[in-house]
Amino acid sequence: MNKKKETAVVSGQRQIAEGIYDMWIKTNLAVAAKPGQFLMVYPRGAATLLPRPISICEVRHDENRLRIVYRVAGKGTAEFASYREGEPISVMGTLGNGFPLEDAAGKRVFLMGGGIGIPPMLGLAQALAESGQAESTDAAKESGQAESTDAAKESGQAAADSTDTKKTDGLTEPVSVHAVLGYRDSALFLKEEFERMANVVVATEDGSVGTKGNIMDAVRENTLTADVIYACGPMPMLRAVKQYASEAGIPAYISLEERMACGVGACLGCVCKTKQVDAHSHVKNARVCTEGPVFLAEDVEI
Amino acid sequence: MNKKKETAVVSGQRQIAEGIYDMWIKTNLAVAAKPGQFLMVYPRGAATLLPRPISICEVRHDENRLRIVYRVAGKGTAEFASYREGEPISVMGTLGNGFPLEDAAGKRVFLMGGGIGIPPMLGLAQALAESGQAESTDAAKESGQAESTDAAKESGQAAADSTDTKKTDGLTEPVSVHAVLGYRDSALFLKEEFERMANVVVATEDGSVGTKGNIMDAVRENTLTADVIYACGPMPMLRAVKQYASEAGIPAYISLEERMACGVGACLGCVCKTKQVDAHSHVKNARVCTEGPVFLAEDVEI
Amino acid sequence: MQTDSDTQQRNAVRIRKDAAMNTSVTIAGVELKNPVMTASGTFGSGMEYGEFVDLNRLGAVVTKGVANVPWEGNPTPRVAEVYGGMLNAIGLQNPGIDVFMERDLPFLSQYDTKVIVNVCGKTVEDYIEVVEKLSDSSVDMLEINVSCPNVKEGAIAFGQKPEALYSITEEIKKHAKQPVIMKLSPNVTDIAEMAKVAEAAGADAISLINTITGMKIDIEKRRFVLANKTGGMSGPAIKPIAVRMVYQAAHAVSIPVIGMGGIATAEDAIEFLLAGASAVSVGAMNFVNPYATVEIVEGIESYMKRTGVSDVKELIGAVV
Amino acid sequence: MQTDSDTQQRNAVRIRKDAAMNTSVTIAGVELKNPVMTASGTFGSGMEYGEFVDLNRLGAVVTKGVANVPWEGNPTPRVAEVYGGMLNAIGLQNPGIDVFMERDLPFLSQYDTKVIVNVCGKTVEDYIEVVEKLSDSSVDMLEINVSCPNVKEGAIAFGQKPEALYSITEEIKKHAKQPVIMKLSPNVTDIAEMAKVAEAAGADAISLINTITGMKIDIEKRRFVLANKTGGMSGPAIKPIAVRMVYQAAHAVSIPVIGMGGIATAEDAIEFLLAGASAVSVGAMNFVNPYATVEIVEGIESYMKRTGVSDVKELIGAVV
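Protein chains in written order, with our numbering: chain R, 567 to 868; chain B, 567 to 868; chain A, 149 to 468; chain L, 149 to 468.
No wet-lab data here; the hints were simulated from the structure. Among the hints, erroneous ones may be present.
Below 25 angstroms or equal to it, Euclidean Cα-Cα: the simulated DSS-like pairs (lysine-lysine) are [unchecked claim]:
1. Lys270/A <-> Lys281/A
2. Lys377/A <-> Lys321/L
3. Lys344/L <-> Lys839/R
4. Lys641/B <-> Lys453/L
5. Lys369/L <-> Lys309/A
6. Lys181/L <-> Lys309/A
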């Protein structure tokens with residue numbers, strides 16, 4: 567898969583919460599984009615030269631369109647927020663490894679998103695839902711769908727084993743998907759879209775909706791359990807997710823953020839600490855932009 | 567007269583020759599603007615912070631509008647050239663001393679413009695024409711218009727004396743106005759507008775129209791003479807004007823260009839060498855932005 | 149049509165300074181009503197920008213450099229734009245101390261702001277002549293320019309070598325009646341060392357950074373853009389270098405540090421205060437926004453209000 | 149939709165290099181097909197940007213700094229944006245010379261471009277170990293990093309003092325089989341002196357400027373943006389300082405100078421050549437435009453064509 571920088575076109579943008587923008591981009595980069603990958607978006611302003619890494623929220627492969635949902639956090643993103651339909655936008659992509667969908671097969675899945683970490687979980691929720699559809703139209707019909715559901719509930723191991731028999735085009739349906747979403751307040755951006763594809767549980771910092779507190783509080787309050795976790799959000803949340811997963815003995819795939827410059831693995835700006843010596847760097851650092859942004863929580867020191 | 571920086575509005579812009587743009591600006595700065603003064607125009611781009619000094623081409627006091635005609639010479643002016651009607655434009659003004667109109671009273675006048683030095687001469691031509699109209703409606707009717715015309719032709723001194731008797735609102739009509747305009751080629755921007763107010767003589771570098779050569783060549787070829795000169799253009803042209811005026815024993819007011827930073831006399835970037843010690847600087851340097859841009863040619867070393 | 153000064157005036161009304169808010173700072177015993185000053189050479193003697201801002205709102209006005217006699221300065225072009233900033237090689241053109249005292253000082257004295265005279269010279273004697281002429285004047289402080297990169301003699305020659313800086317500082321202190329601020333050059337290997345030398349020689353304060361020597365070449369005409377070939381670079385482009393040097397200098401000495409270099413906004417000014425500056429100067433950005441100084445005064449007040457800072461001195465050196 | 153690489157390819161076709169046009173330059177006996185190189189630390193070992201540009205088009209690839217053993221580098225955040233540029237404090241993270249020789253060097257050797265290895269170390273012995281391991285390799289030149297501002301030991305300590313620079317240069321020359329380029333720090337008072345010292349100690353060429361030490365403070369969080377507090381500044385913002393230093397260095401020595409600092413376009417590259425650089429490196433701007441290097445190669449060719457320059461060497465030091 568080749569990385570490219572190109573001048574794409576904004577095919578639509580709207581504000582969906584205070585400071586949160588929802589933009590569709592017409593770009594050839596959509597062809598190979600996967601949930602959990604990101605784009606580098608380049609401001610035009612001469613004072614803000616570095617590209618901004620922004621997670622891909624949704625992909626329409628057939629329409630050559632990508633969706634990004636981002637928070638205005640400075641001059642660069644404020645510039646992006648001013649773009650109207652039809653304007654050019656300078657993007658590079660698609661970057662990063664993305665979430666391993668195959669590990670959701672036959673499992674009870676948590677999609678955990680906090681704040682501006684919520685948007686990339688939407689694309690993942692869609693991909694998981696589509697894997698289910700794919701299955702129900704072919705593989706699922708062959709093998710019957712109830713079979714592994716109970717097994718998966720028993721243990722993650724059992725579910726993992728079952729994937730071998732069920733895999734269709736590398737994907738199989740998860741048993742259940744809970745989207746656990748943490749917001750600041752009642753501005754529940756994207757929540758309705760999640761509800762079409764997952765069971766949604768909400769936590770808000772101000773307690774205005776759902777559980778007052780963070781996403782782990784919401785999990786406890788709703789006595790939810792899972793076999794695998796996918797998560798994106800602020801570092802304190804990811805630390806809590808890592809600890810929870812470790813105690814529960816389940817894998818957690820977490821998408822990390824770090825200040826980046828190049829986005830392609832050249833500058834070594836965006837490393838995270840790893841438990842083992844990294845195969846590329848030969849030290850205990852992995853490049854978030856290239857080896858990540860998604861890591862198995864137990865592999866990284868956060 | 568207070569200087570101000572303000573966010574004005576572009577009220578229209580068109581390209582009138584290759585790389586030459588004609589922009590009208592709606593601005594309160596028009597109130598006190600005079601021919602030969604200039605604006606500082608500020609690019610928005612973060613790499614191009616310094617304002618660009620641009621001569622005022624025309625003023626409509628009654629409409630709060632100013633006209634600038636400028637050449638695209640770099641990133642800043644290229645940015646200005648992209649502005650559409652209704653867009654904001656950041657300007658400071660009005661700056662500089664302007665041309666002394668009163669010295670044209672009762673004289674045979676040369677307005678000499680070379681290249682992008684042509685536009686400021688248009689506003690001067692208008693002001694001189696208006697001074698004539700003002701006169702013909704009041705002062706001229708009283709004293710009779712033919713009187714000083716012959717006297718003025720005899721000598722500049724006689725004409726200067728006559729201004730005392732004819733001055734109306736500080737202005738009187740010149741006897742004749744020749745606009746001597748030097749262009750690169752046949753792209754004779756603004757020429758038709760000059761023709762409504764002055765006798766126009768053209769020189770082109772490539773000889774495609776009028777005299778082949780510079781404006782002094784055109785003066786010689788047409789055996790024109792004058793009692794006072796107003797000029798704006800590139801330095802070699804202004805040097806030729808200075809020499810011509812000196813040999814002819816007539817005053818020449820020349821508008822100088824120099825790289826500027828502040829535009830208000832603070833930075834001392836844009837000085838020109840003066841014959842005598844300058845009253846402000848106490849050295850033989852005058853600030854083009856403040857003491858100028860119009861100087862009596864004999865007062866400056868160019 | 150919205151004039152930028154209208155906006156400024158509206159803000160002035162909206163962001164009324166809290167009575168309990170203390171914005172004053174003290175440099176070498178001189179109390180400034182707020183930490184915002186002008187950078188020498190960018191504000192004339194205040195007259196030109198007095199048409200745009202109320203000089204009474206400023207902590208201090210620092211004048212264009214003044215020598216013992218008039219200086220003609222360098223040939224033109226003297227200024228050039230660079231990415232995010234500018235180069236200048238004015239060469240310290242000035243009308244000399246006598247004209248300054250007759251014309252500029254009386255003008256400045258009308259205002260309720262502190263007056264800091266920037267002093268330049270080719271020899272130590274030149275500096276001392278100016279310093280002595282000012283000794284009975286109403287001038288509040290002296291800033292000694294030993295860091296102008298654009299003149300051949302004097303100036304930066306004193307500011308790039310520790311021994312030279314020490315001896316000129318010591319000599320000026322012997323003759324100065326007012327507190328002495330030594331203005332340091334960034335064109336050095338070790339700014340902390342230079343700061344310490346100035347302090348050891350008796351300076352009451354230091355200010356930095358002066359401009360950084362730069363060059364621009366016109367590739368079409370194949371010649372230098374500035375007649376002087378090199379010029380001093382200023383503007384937002386150099387701010388990170390200036391913040392670093394202010395931080396290093398402030399942590400090397402106990403005398404106050406006046407920080408400058410690319411300050412365009414209140415946010416920039418606060419960054420310098422947090423790095424250790426006791427006051428800040430606005431320089432080249434006056435050319436870009438003639439209202440910058442007062443907007444920064446107001447912006448610091450609104451930051452203090454928003455973040456619950458009652459005394460601006462709490463910000464000084466708060467990031468370590 | 150127009151991809152930037154499409155544009156680049158169209159240009160490549162349109163601006164066919166004139167057969168009579170000579171773009172090659174020679175540095176210490178090594179002939180580069182054109183004067184455009186990459187700046188160490190901004191281009192990895194070529195692999196990452198090989199997805200964007202044809203490495204065969206470059207005069208040389210200069211690798212990320214390599215030490216005798218793997219280095220972990222600094223904590224994050226390691227990078228920050230500043231006005232017209234960036235700060236970095238990577239801290240020379242690298243996999244060590246053995247991995248470099250096993251993995252990166254064979255990759256680079258596939259291409260028809262010169263390979264210059266940037267060497268870093270904490271002690272003179274560290275440097276020499278790397279230099280000796282490379283002595284029988286296919287590497288064309290060595291660039292000795294004595295100017296990284298982001299590591300506590302070694303690096304810049306060798307690059308800011310004339311005596312230290314002299315002795316490490318002399319020592320490395322004793323062990324190096326390939327030509328040695330000393331990469332100089334701009335964080336010095338007198339770059340011409342440092343250039344002369346490097347030449348006197350036997351350097352075959354010098355390269356400059358490395359990054360300028362800068363700092364950025366987050367005024368909302370009241371903390372340094374970089375974990376290392378300071379970082380090296382690069383990008384268009386520093387270009388005028390770099391051009392000035394290249395000019396001063398080139399006029400102080402007779403060995404070739406490789407110029408860099410904020411080069412974003414062919415025009416920038418040509419400015420450095422005119423100032424006296426024999427070759428140029430593209431650094432931080434690779435991050436902004438991954439096609440920058442090849443666009444600059446092509447832009448130099450089209451400038452030569454337009455202005456009637458048949459040999460790029462005519463441009464070197466042409467403005468005095």
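Results for each hint:
no. : hint                  : verdict
1   : Lys270/A <-> Lys281/A : holds, 17 angstroms
2   : Lys377/A <-> Lys321/L : violated, 35 angstroms
3   : Lys344/L <-> Lys839/R : violated, 42 angstroms
4   : Lys641/B <-> Lys453/L : holds, 23 angstroms
5   : Lys369/L <-> Lys309/A : violated, 38 angstroms
6   : Lys181/L <-> Lys309/A : violated, 43 angstroms
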